[in-house]
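Peer 1: As given, the protein sequences belong to chains G and Z, one line each in that order.
Numbering-wise (the numbering used here), the first sequence opens with residue 1 and increments by one.
Numbering-wise (the numbering used here), the second sequence opens with residue 1001 and increments by one.
Worth double-checking, as some hints may not be accurate.
Quick list of in silico lysine to aspartate or glutamate cross-link-like pairs, EDC-like style, CA-CA up to 20 Å [what the hints assert, rightly or not]:
#, chain 1, residue 1, chain 2, residue 2
1, G, LYS66, G, GLU206
2, G, LYS247, Z, ASP1046
3, Z, LYS1129, G, ASP253
4, G, LYS4, Z, ASP1139
5, G, LYS264, G, GLU206
6, G, LYS249, Z, ASP1139
7, Z, LYS1119, G, GLU158
8, G, LYS4, Z, ASP1046
9, G, LYS30, G, GLU182
10, G, LYS89, G, GLU182
11, G, LYS264, G, ASP253
12, G, LYS3, Z, ASP1139
13, Z, LYS1129, G, GLU141
These are computed hints drawn from the structure, not numbers from a lab.
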Amino acid sequence: MLKKIFSHPFILSLLIIVGLIFFNSQGWLKTPQDIFFRLTGSSQKIGYQLSLKANNLIDFLASINKFNQDNIQLTKENEELLSQLVQLKEMARENEFLRQQIGLVSGESPQLILANVIGQNLSDFEKCLLINQGAKDGVKEKAVVILAGNFLIGQVIEVGNSFAKVQLIIDPNSRVSALIQESGVAGLVKSSQGLNLTVDLIPQEETIREGQTVVTSGLAGIFPSGLLIGQISQVVSIDVQVFQEAKIKPAVDFKKLDKVFIIK
Amino acid sequence: MKSFFTIIILLLAVIFQTTLVPFLALGGVTPNLVLVLILFLVIFKDFQEIWWLVILAGLFLDLFSGLPFSLISLSLLITAYLIYWFNRSVFSGAKIWLVAALIALGSLFYNFILIAMAKLFTLINLSQKVIYSNIFSWDYLITLFLVVAYNLFALLLLYGIKKIFYQKQGARGY
């Protein structure tokens, strides 16, 4: 009777999976996992790069008609940014001078590890990346992952010897302490439908506007402050609610990630 | 030899799922090719013959996933067996609309079981990951609807490939 129960394919499969859960909890699956990614890593990388290139080509062909309009808009934005850059350079110079006057040492820039994205898991339940750098390269669990230019991508959630998994900020289970740069109002950034983000827990009395920049606040101690998350695209404020929220247009196109940096 | 090729095809499907499929996302939703493939096999074959394939597919997906290890294997196994049971006991047949109904049902089961299991894993301390997703939120239900639609589209593609393959075999006189 007992033999019949245990030879049932469903029960047998369940027992195998329970066994694997036990092996994994003991850390005995780390080496097989690593061997698997070493064997499949190169084909993963080639597959991902080809898909990325095909996607870029399709996007390019689809946007040919918009080029002229985009060009005018980007030229205008470029002029505005240039004037802002001049102001910022002047402020940085003044800042450096004042720091020297009061004897403050400039903060050291963090050490970064460059990694290639070799796979994505953008399912409806999780948004995660697979990168080709792991513990042997100095990647640690909970390390922050960014894109060149201080754009926040996510956080390392699992590290193998030669690979790591990164939970993106658009993952439904990700939460980031943030603030709106222009007003200094703090909030909590979380994922909303699809590849979008919202900033929540903003008191009703605070004024927020479309186009304002959302950056990490560094409050929870997980993400360093000042990393760019995105710009507010729509404010959702209902009088009867204690907090207001705003939709964010992410600064990063999460579908086109190729190379990322891990902050050591 | 046949088993070896099956494993390679499954592995290729998983690599395809984690490299090309993310670029096909619409509104952040992607089709789950591996789930559709496994459900397709469950509908047309005996569970006794393919149970090991279900575990293997789940394990491959688990390796690429950021979710607690074996969560996908468990969800895939339970879903596959439920669909197998439905197909044998409630409604069976090889008509496309029946297969589509089973795939839609399987997609719903899979996503519900995945969240329920993830919450259970956190509850019994098998995982430290906090799961915020709520099965009954509008956001989630809309996503689920899109997932079902996308998986049905993937099924149509699979059905088309199967038809072309069998037609070619027929033309060669197999």
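Peer 1: Now tell me if each hint is right for this structure.
Peer 2: Quick rundown of the hints versus the structure:
1. G:LYS66 x G:GLU206: Given that 20 Å is the threshold and the Cα spacing comes to 37 Å, the pair is violated.
2. G:LYS247 x Z:ASP1046: violated, 48 Å
3. Z:LYS1129 x G:ASP253: It is violated: about 25 Å lies between the C-alpha atoms, which goes past 20 Å.
4. G:LYS4 x Z:ASP1139: The hint is violated at about 44 Å.
5. G:LYS264 x G:GLU206: Given pair LYS264 (chain G), GLU206 (chain G) is violated - Cα atoms ~36 Å apart, limit 20 Å.
6. G:LYS249 x Z:ASP1139: holds, 18 Å
7. Z:LYS1119 x G:GLU158: Holds: LYS1119 (chain Z) and GLU158 (chain G) sit about 19 Å apart, inside 20 Å.
8. G:LYS4 x Z:ASP1046: holds, 18 Å
9. G:LYS30 x G:GLU182: Not satisfied, since the Cα-Cα distance of roughly 46 Å exceeds 20 Å.
10. G:LYS89 x G:GLU182: holds, 18 Å
11. G:LYS264 x G:ASP253: Violated - the C-alpha atoms of ASP253 (chain G) and LYS264 (chain G) are around 24 Å apart, more than 20 Å.
12. G:LYS3 x Z:ASP1139: Status violated; Cα separation ~46 Å.
13. Z:LYS1129 x G:GLU141: holds, 13 Å
The structure is inconsistent with the numbered hints 1, 2, 3, 4, 5, 9, 11, 12, although it conforms to all the rest.
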